[in-house]
Amino acid sequence: MTASIDDAKAAATATATAAAAAVGDATATVPAFRTTGAETQHAVEQFLYAEAELLDQHRYHEWLELFAEDVHYWAPTRMTRTIRERDREIAARGQSAFFEEDLYRLKGRVRRLTSGVSWSEEPPSRTRRLITNVRVRVRDDGALDVACNFYVYRSRLERHQDWFVGERFDVLRPAPSPERGYPFVIADRTIVLDQSTLLAPSISIFL
Amino acid sequence: MIADSDIADIGSGLVNPQIYTDPDLYQLELKNVFGRSWLFLAHDSQLPTAGSFVQTYMGEDPVLVVRQRDGSVKAFLNQCRHRGMRICRADAGTNRTFTCSYHGWAYDLEGNLINVPAESVAYHNELDKEKWGALKVPRIACYKGFYFGCWSAETPEFEDYLGDMTYYFDAVVDRWDSGLELVTGTTRWVIDCNWKFASEQFASDMYHAPISHASAFIALAEEPALQGFPPYEAPGRQFAGNGHGSGSHWLPEFAMPDAATGPAYTDWLEENKEEVFRRIGVERAHKVYAHNTIFPNFSFLGQSFTMRVWQPRGPGQIEVWAWTYVPKDAPDKVKDSVRQGTQRTFNPAGVFETDDGENWTEIQQVLRGHKARQNLFNVQMGLGHEERDVHGLPGRSNGVYAETAARGFYQRWSDLVRGLSWAEIAELEHSRRAAEEVQPA
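As they're listed, the protein sequences go chains A and B. Read in our numbering, the first sequence has 137 at position 137, and its numbers run on one by one without any break. Read in our numbering, the second sequence has 1097 at position 97, and its numbers run on one by one without any break.
A portion of the hints provided could be inaccurate.
[Unchecked claim] Computed footprint of chain A on chain B; a stretch qualifies when at least three of its residues, placed anywhere within it, have a C-beta under 8 Å from a C-beta of chain A:
(1) 1174-1187
(2) 1212-1218
(3) 1345-1351
(4) 1387-1394
[Unchecked claim] Residues from chain A that keep clear of chain B, each with C-beta distances beyond 12 Å, as calculated:
(5) Ala38
(6) Gln57
(7) Asp70
(8) Pro76
(9) Thr80
(10) Glu121
(11) Glu122
(12) Phe150
(13) Tyr153
(14) Leu157
(15) Ser177
Keep in mind the hints are simulated off the structure, nothing from the lab. Even for Gly, the Cβ is constructed at its ideal location relative to N, Cα and C.
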């Protein structure tokens, strides 16, 4: 599929507003309450649960099929700032990030994870993804702005464990090939972790 | 606690692993190593205007590093002198004063105590504010935009402390006319391992790369031919001196294709290579860049553009504080390429870095065992094959696959942690150098 310029613009706008939303931008005038048709809400939730299942089951190649060709996959870092400087708490585009990848790079990461010599995931971690508080807003262009909270538990080797908790901001588009079984593709993803010092030795998994 | 005799001769390459676990020894490290070494504080670009500050750590001591109104940089312990509260609890920002949120003692940008609430009623105007300023970091060195701090008056001046490492540090930080800047935002994460594993590896260990990081190039390149490391026979060199270390494979050509950063960077590098050659010389530009540690805990890479401090957090934990550096005047698309390439390689989610943490945490876990702590570690690779001032590289060096820099790191660490004075260390180094020269080549 080919993405339109409008898609790219929409994705960039979504990313810019996502960081502001994550820190609770005091100047925001859009109400937090969102409502959408039950059918859309249901489909979005089931889509996100399916994605979580693919990752928890290490079905990475199928997971890659869920992304648009022009996806931007981004997880900025954050710092502790005073309220006065809170707009700078989460790193902006062009600043420090845990992930900042396109589809080509995500494919490379999957190639590595499935190589058998990726020692931070060989033996693989056991993960459990809890996706909650799914909020959907239909955009004028038909894409969906989807915010959700996540709680990803990782158990590793004998007794190592980590928790990755935060909020995710996705832009979902109708899938170009829904006959594959998934109604949407992920056109943009912003992952905002709640820790300023990550209390884990690595993020060797996807969020 | 581990005896001095167990570590005095650690530079011979036999390492008692209790140095990674002993809690009493750790307290001595904070006092004798971190209290008497030059420690990285901040880079110019983190402190853009008067009042700009960052909080960082010297060992486990929190310090505020602050840009002054005259443009200089000063630092002081982030601890209120009244009752010990952390004065400032933000990681970074811009302030005119720092006011403690416990009882309101206020400090200026240098850490001087300038206001005490209810001074007349509560203190009867008898408090000598000049005596109760925050504890200042007495020595700050600014080296090419990098600020280092030191608590001890007896530690050599920063450039003497660097010694021959100056040549290797400059190869990375002094290659552009406009200098470097750090990408905004510190990436911080926690690894349950001793700080010396990380510092030593970045000083000395090319050996682990093809094995530990076997999967890294699989992520970065589709073409199997591009997924490997240089062969073991490929030429390269490792430097060791004053506890510091640096190692690189020699580049067959300067602006090599780079699977992590991509052509936006390497094309620009090719176009601008004359600037690098003019500043650091053609030979150094090809031979010095890759892995580096400035003793005790500041490390940087030259093939990925990361700098970091391994902040100690007890004998079994570190916080990694990492920054991406970019050539200051490079076009934005080049900076983007450098930043993204570094993030995807050396970063908690980086395709190299995730594997390092795996090694260090597992070693630390195994060292819970009593028998495991009695087994001496082998740090003897290349022992006796060192040479001095060869291949155009200053100082003592060895093949790139060696543990010469690790031995140097541990010897400097041992000399300091045992409480030898800097004058005694200088004498010891002198006699070690003399012994080295009488040995057959």
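How the hints compare with the structure:
no.	hint	result
1	1174-1187	holds (count 5)
2	1212-1218	holds (count 5)
3	1345-1351	holds (count 4)
4	1387-1394	violated (count 0)
5	Ala38	holds, 36 Å
6	Gln57	holds, 20 Å
7	Asp70	holds, 16 Å
8	Pro76	violated, 8 Å
9	Thr80	violated, 5 Å
10	Glu121	violated, 8 Å
11	Glu122	violated, 8 Å
12	Phe150	holds, 15 Å
13	Tyr153	holds, 17 Å
14	Leu157	violated, 8 Å
15	Ser177	holds, 24 Å
This entry does not satisfy hints 4, 8, 9, 10, 11 and 14, going by the numbered hints stated previously.
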